[in-house]
Amino acid sequence: MTVVLLTLREAANRKVLLVGAVISTAFLLLFWLGFAVGFDQAASEGGDPMESAVAATLMTVLGLYAVQFLAAFMAVLLASGAVAPEIESGRLHAVLARPISRTSWLAQRAGTFAALASAYIVVMSGAILTIASGVAGYAAIAPGRAMGLLALEVVVLVALGTALSVRLSAIAAGVVVIALYGAAWIAGIMEIVGTVLGNDTLQRIGVAVSLVIPSDGLWRGGSYYLLSPVYVAGTSADNAIPFAGYGAPSVAFIAWAIAYAAGWCLLADRWFRRRDL
Amino acid sequence: MTAAVDPAAGAPTVPIVATGLRKAYRNRTVLDGVDIHVGPGQVVGLLGPNGAGKTTIVKSLLGMVHLDAGDATVLGRPAGDPTARRGLGYLPEQFQYPGWLDGRQVLEVHARLLGLPQAERPAAIADALHLVGLGGRGDDRVAGYSKGMQQRLGLATAVLGQPELVILDEPTSALDPIGRREVRDLIRSLRDRGTAVLLNSHLLGEVEQVCDHIVILDRGRVVRSGALADVAVGAEVRVTVERLDDDALSVLQGFGRIAARDGDTALLELDDVAAVPALAAALVTRGHGICELVPLQRSLEDVFVDLVGSTEEGR
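Quick mapping for you: the protein sequence lines, in order, are chains A and B.
Residue numbering for the first sequence follows this note's numbering, beginning at 1 and increasing consecutively.
Residue numbering for the second sequence follows this note's numbering, beginning at 1 and increasing consecutively.
It is worth saying that the hints were derived from the structure and are not from the lab.
Yeah, the Cβ is synthetic: ideal placement off N, Cα and C, and Gly gets one too.
Some hints here could point you the wrong way.
[As the list claims (entries may be wrong)] A partial selection of chain B residues facing chain A, derived with a Cβ cut-off under 10 Å:
| hint | residue |
| --- | --- |
| 1 | K23 |
| 2 | G63 |
| 3 | P92 |
| 4 | W100 |
| 5 | V106 |
| 6 | R112 |
| 7 | L114 |
| 8 | G115 |
| 9 | Q118 |
| 10 | Y145 |
| 11 | G154 |
| 12 | T157 |
[Claimed, not checked] Some chain A residues near chain B, calculated using beta-carbon distances under 7 Å:
| hint | residue |
| --- | --- |
| 13 | R98 |
| 14 | P99 |
| 15 | I100 |
| 16 | G144 |
| 17 | S250 |
| 18 | D276 |
Input sequences plus hints: build the corresponding full structure.
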């Protein structure tokens, strides 16, 4: 537990937590303001319950999309500096001269980052959904499942970032993970476009990339559970929100994402144990 | 902390036993069959020019560097086994402590990692701070420490919890002359407590003053090791006889070369270091009264330069 406490203290003292809290609070206030104004207008203009449902769903999903972005970047920035800077600065040598195994140190450090990013997802998604519910009476399909999948997304990014940080400098590891994250995002859009156009090739590329890095697939799976049931009943996959999911994720895909994160954790441990410090 | 005891023998475990250590990075050999032995309570100096492999040895003993071959045990356990590090304190050559912690908090973290019971921590921390002369600055943030104070804090973490073995990698590199003297005193007080010390240094004077054994390394090989007095023993003797006449000189020349002469005193470079008693006997047999016969110690620097300097040219 000592490494967990030390890592939390590091995050607190590097102002990661403070800056994160300030920016997130500002973001929530902005979301609340935009949501209240936008929803009032949509409700007063049309009065059509479907139109209101579409407006509320769009704004909620957009808000959560931003949360997911923030959490993903937080996870990448924390994890990509998990190991290499500790070795370069000599901080690690003083700690590993103590009776603690490398595996335990790495597990505590990466675990703390994963827990921080997951907690961020839960708190922020909870806040967004509470605002949406308060202003528009918005109810998502399954908020708990959504939070679970989004948390799994940041865990995947932490596992990948940590593994790369054993082999690469913090900047290089961060660049690689962000590039892969961006590729997954683009592939997700291609998959939607492929679905709308009925183009199999585009769809297959999307699926293939989501196997290489399942971050965007997890967001899509999670965002489906964030939609309102009214909205889902009234729309089809062809006119779904381009950046959100339009169907529940398969069990096989979730299992793959878990195996993917576990695989990177095992690889990170193996690389770290073999490395000369 | 209680001394680790070998359950079979009932005697204290030997702090460091390493034989045949080998390590190569790509095609550069860093350690080439190194043997090191540090007995209980011994202070052993590891000497060598930069790049000789000193730090690699230390890191391999701590399990931070994986050896290609060789056996190393630390406090009776295989090097690299985390439990081997329970009774060990280490000051890395290059280190940094989190700047946002104060000195006492750094030691608190290390006391926890060491597994010291909570009740014992405050006294152990106060003891370590006092021992390195940081007693009054323990509550200041590390970010505000000078390099010398950081070095002292590093030393405090190394001696925390009264370990049986302390490994110091260039402990005085950032210290002023007074700080260096204090580190020497610290090492002596560790020895008085019965703590074994492996001191990695390129400061010969420092090693000469505190170590009882030394190991001289060059390009990954041990070129000389043993008790300091044995390693530094010289081949020169100063002889003063009642009358240094031609006969006396011829006796002396039978044992070596006369390097200097002053009155009845000669400085003789012996061909064989062990020939001093025979020389004395030969002089007495020929009727020369001996006023003084002194084997001269060479400085460690002379020994070091002879051993390492000669190979330097071939680099």
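Quick rundown of the hints versus the structure:
no., hint, verdict
1, K23, "holds, 9 Å"
2, G63, "holds, 8 Å"
3, P92, "holds, 4 Å"
4, W100, "holds, 4 Å"
5, V106, "holds, 9 Å"
6, R112, "holds, 4 Å"
7, L114, "holds, 6 Å"
8, G115, "holds, 7 Å"
9, Q118, "violated, 12 Å"
10, Y145, "violated, 15 Å"
11, G154, "holds, 7 Å"
12, T157, "holds, 6 Å"
13, R98, "holds, 4 Å"
14, P99, "holds, 5 Å"
15, I100, "holds, 6 Å"
16, G144, "violated, 36 Å"
17, S250, "violated, 42 Å"
18, D276, "holds, 5 Å"
Checked against the numbered hints given earlier, the structure breaks hints 9, 10, 16 and 17 and satisfies all the rest.
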